[in-house]
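Peer 1: Listed here are the chains, written in short residue letters.
Protein chains: 2
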Amino acid sequence: MNTSLKIIGYVQSDFKKRSDTPRQGDEGGIVATLHIEDEFRDAMDGLKVGMEIVLLTWLHEADRNYLKVHPRGNESIPMRGVFSTRSPDRPNPIGMHPVTITYIDRESIKVTPLEAIDGTLLLDIKNA
Amino acid sequence: MNTSLKIIGYVQSDFKKRSDTPRQGDEGGIVATLHIEDEFRDAMDGLKVGMEIVLLTWLHEADRNYLKVHPRGNESIPMRGVFSTRSPDRPNPIGMHPVTITYIDRESIKVTPLEAIDGTLLLDIKNA
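One line per chain: the protein sequences are A and B, in this order. The working numbering applies: residue 1 is where the first sequence begins, and numbers increase by one. The working numbering applies: residue 1 is where the second sequence begins, and numbers increase by one.
If you're looking for bench data, these hints aren't it; they were derived computationally from the structure. If you're wondering where the values come from, they're calculated on a predicted model, not measured in any experiment. Check each hint, because a few of them may be wrong.
When chains are identical, the list treats them as one kind, so a pair holds in a single copy or across two.
Derived EDC-like pairs (lysine to aspartate or glutamate); straight-line CA-CA distance at most 20 Å [said to hold, decoys possible]:
id, residue 1, residue 2
1, 68, 52
2, 6, 61
3, 68, 105
4, 68, 118
5, 110, 75
6, 126, 26
7, 68, 14
8, 68, 45
9, 16, 61
10, 110, 63
11, 68, 107
12, 68, 26
13, 17, 89
14, 17, 52
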């Protein structure tokens, strides 16, 4: 079985570093632009301004070796398995982001509120 | 960047074929068992009965070559880009399943309502 991921595009954002970003989109996410690779643009048909979608991303700065973390990076909270958290540090650092489309053209989509940093890889877009 | 997926476990379900299953978990999903691979079990710490979680899976029977589909497999609905649908047939066939934990032990988790078929690969578990 071929489970190798296809990169369908990437995120362009004013958030440049992981330390700049809120922990979730609804905690201070911003408008960001998704650039879709040419070969996947036919899959954008049907997306419209105002539509609620879910982005799946590959969080390229995450550490894949963590099995336990302090929730929300707060060291006063005891460590817990990553599967009971939303930590980006996990075996498969796939981000899940509910957002709304604010603009769309043939090759790009603006969405809000997104907390992913500039250069984050895009894996999928789904109807919410 | 290493984007190769780690398989953290797999789904055991009474749904054996894709044609048996509802289109979404809330349309007739059932109780299914998640078997977690030994090396990832420490990441289960903190999961509890009653907790709402989101599973990310690899839909191993999906066709990755589709960019457009008839929504819900209904040929009377015009074809649309897969990114505006929830079709399993898409460039990266990653399933997203909101479920509730009904049982947990050291190596397995029962969840409901799940529509994924027997043998579906498990990629991630997140706090909902």
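Peer 1: Does each hint fit the structure? Answer for all of them.
Peer 2: Hints, one by one, checked against the model:
no.: 1; hint: 68 with 52; in the structure: between (32 Å within a copy, 19 Å between copies)
no.: 2; hint: 6 with 61; in the structure: both (18 Å within a copy, 17 Å between copies)
no.: 3; hint: 68 with 105; in the structure: between (41 Å within a copy, 18 Å between copies)
no.: 4; hint: 68 with 118; in the structure: neither (26 Å within a copy, 28 Å between copies)
no.: 5; hint: 110 with 75; in the structure: neither (35 Å within a copy, 31 Å between copies)
no.: 6; hint: 126 with 26; in the structure: both (18 Å within a copy, 17 Å between copies)
no.: 7; hint: 68 with 14; in the structure: neither (30 Å within a copy, 32 Å between copies)
no.: 8; hint: 68 with 45; in the structure: between (40 Å within a copy, 8 Å between copies)
no.: 9; hint: 16 with 61; in the structure: within (11 Å within a copy, 37 Å between copies)
no.: 10; hint: 110 with 63; in the structure: neither (28 Å within a copy, 28 Å between copies)
no.: 11; hint: 68 with 107; in the structure: between (39 Å within a copy, 16 Å between copies)
no.: 12; hint: 68 with 26; in the structure: neither (24 Å within a copy, 31 Å between copies)
no.: 13; hint: 17 with 89; in the structure: within (15 Å within a copy, 34 Å between copies)
no.: 14; hint: 17 with 52; in the structure: neither (26 Å within a copy, 30 Å between copies)
Going down the numbered hints, you'll see the structure goes against 4, 5, 7, 10, 12 and 14, while the others check out.
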